[in-house]
Amino acid sequence: MFVVNKFTALLASLNKFALSGCINKYVLLCGHTEARPLWRSTTVSHLHSLPVTQNMILASSETTEEEEKQSNELISKVNKQLQQQREGRLFAVVHVCGKQFKVTTEDIIIIEGNWAPQIGDKLKLEKVLLVGGSDFSLIGRPILSSELVSVHATVIEKALSHIKTIFRKKKRQQYQRINFKRTPHTMLRINSIQVKPEVNVKKAVEGLEGRIF
Amino acid sequence: MVFTSLALFVRNKGPDEFWKKRRILKLSAHFYGRSRNCYSLAIRAVHRALVFATKGRKLKKEDMAALWETRITAGCEEHNMTYPLFREGLTRCNILLNRKTLADLAIWEPRTFKSLVKVAHARVSQDGLAGVTELGDPPSEVITRGMFK
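Going down the list, the sequences are from chains A and B. Using the numbering used here, the first residue of the first sequence is number 1, and each one after it goes up by one. Using the numbering used here, the first residue of the second sequence is number 1, and each one after it goes up by one.
Worth double-checking, as some hints may not be accurate.
Claimed, not checked - Covered stretches of chain B (in silico footprint by chain A; criterion: 3 or more residues with CB under 8 Å from a CB of chain A, positions within the stretch not fixed):
#1 41-51
#2 90-96
#3 101-112
What the hints assert, rightly or not - DEER-style ranges, computed between Cβ atoms:
#4 G146/B x K164/A: 50 to 60 Å
#5 D63/B x R177/A: 39 to 49 Å
#6 F180/A x A130/B: 22 to 32 Å
#7 A130/B x G98/A: 31 to 41 Å
#8 Y175/A x T70/B: 34 to 44 Å
#9 F180/A x G14/B: 15 to 25 Å
#10 F9/B x E157/A: 55 to 65 Å
#11 F18/B x K169/A: 16 to 26 Å
#12 K124/A x G56/B: 29 to 39 Å
#13 E134/B x R168/A: 46 to 56 Å
#14 R168/A x T70/B: 24 to 34 Å
#15 K169/A x V2/B: 45 to 55 Å
By construction, these hints were calculated from the structure, which means they are not laboratory data. Computed from a predicted structure; not experimentally measured. Just so it is clear, CB atoms sit at the ideal spot from N, CA and C, and this is done for glycine as well.
Input sequences plus hints: build the corresponding full structure.
Now the structure itself:
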């Protein structure tokens, strides 16, 4: 509750746009008010060449001291809540097989079409667009880092849909076609949604987690 | 009685007329009037129903999209923002949530939706788009859930 109220107060006081990313340039933390030109985070071309810290420095002239302080306060509150594991039930917006699902733990989602994972396979859903709880939300631009957020799921069932009848008829033309279709369905149970208390933590090198050397 | 020769002028259409008709009548069991019991009427009604079901699958997707747009518009208007500006603001910020998700958030996650509105509003006001008004309370005739506290 406290974080959302802070956020509204902060945003009300700012005339400029007030949204930015954390170290993870693709992450937008609601309530985070470090002001920086939004177009910078969307121009991908130079982000691969420049380290992220350099990116932040380029735009820091536009951030006031007060805004910086407020935003850092907010982020530390979120990190503290995550560390103490008092965030409660989290929901996530996940992108799977071309569709977006709003999920929480214990949810079952149905994925339509031919999909390789078999029954019992444990998956980590990578494309997470948004994670939210009762006190904060992390909005990805467009996705959140999989190092920060992890959504784990298990395949519980692979079945076919109900029989769909495709009936085409042209009247008085003696043209009539009937076809029956059943599409494969995969049922996924969402096991957990976890966020690490590392929001806006600047790592020396990104993208190392899960790599085998 | 034993018939040693075929009877005259008798047509045998086939052994499974009953089951062919039963296939149609099973589908028409919930129709109105004679269309559920009389085969000649039932077959016409069933064909129409199947054609509508086939065409309806495409229309359902269009209807759902329109419904989501209405719901998102309602959610935005609660904060005194318009839907086109909201969408434009989100896309400019590279937030790629689709209409289904945005509608779900507008209904079930009002705080998250409000923060999305603020993000979009900040972006469109920074970019100087036309028609940007200050975020605030919903119009006077509208009653929202948050008012009953």
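TODO: Could you tell me whether the CB distance from E134/B to R168/A stays inside 46 to 56 Å?
DONE: At 54 Å between Cβs, range holds.
Task: Status of the given 50 to 60 Å range, CB of K164/A versus CB of G146/B - done: At 42 Å between Cβs, range violated.
Task: 8 Å C-beta criterion, at least three residues: is the segment 101-112 of chain B covered by chain A - done: Held - the segment 101-112 of chain B has 7 residues with a Cβ nearer than 8 Å to chain A, which meets the minimum of three.
Task: Hint check for G14/B and F180/A - Cβ pair distance inside 15 to 25 Å - done: holds (23 Å)
Open item on the list: Verify the CB-CB distance for F180/A and A130/B against the hinted window 22 to 32 Å.
Closed with: Violated, since F180/A and A130/B (Cβ atoms, about 52 Å apart) do not stay within the stated range.
TODO: Examine the segment 90-96 of chain B for residues whose CB is less than 8 Å from any CB of chain A, and state whether their number is three or more.
DONE: n = 5 at 8 Å, threshold three: holds.
Task: Outcome for the supplied range 39 to 49 Å, where the beta carbon pair is D63/B and R177/A - done: violated (25 Å)
TODO: State, for the Cβ atoms of K124/A and G56/B, whether the hinted interval 29 to 39 Å holds or is violated.
DONE: Once the Cβ atoms are compared, 37 Å apart, the range 29 to 39 Å for G56/B and K124/A holds.
Task: Pairwise beta carbon distance, Y175/A to T70/B, judged against the given window 34 to 44 Å - done: holds (38 Å)
- [ ] Hint says 55 to 65 Å; check whether the CB-CB distance for F9/B and E157/A agrees.
- [x] Given range 55 to 65 Å: holds, Cβ gap about 59 Å.
- [ ] Just tell me: holds or violated, for the beta carbon distance of A130/B and G98/A against 31 to 41 Å?
- [x] Once the Cβ atoms are compared, 34 Å apart, the range 31 to 41 Å for G98/A and A130/B holds.
Task: Range hint compliance [Cβ, F18/B to K169/A, 16 to 26 Å] - done: holds (24 Å)
When each numbered hint is compared with the structure, violations occur for hints 4, 5 and 6.
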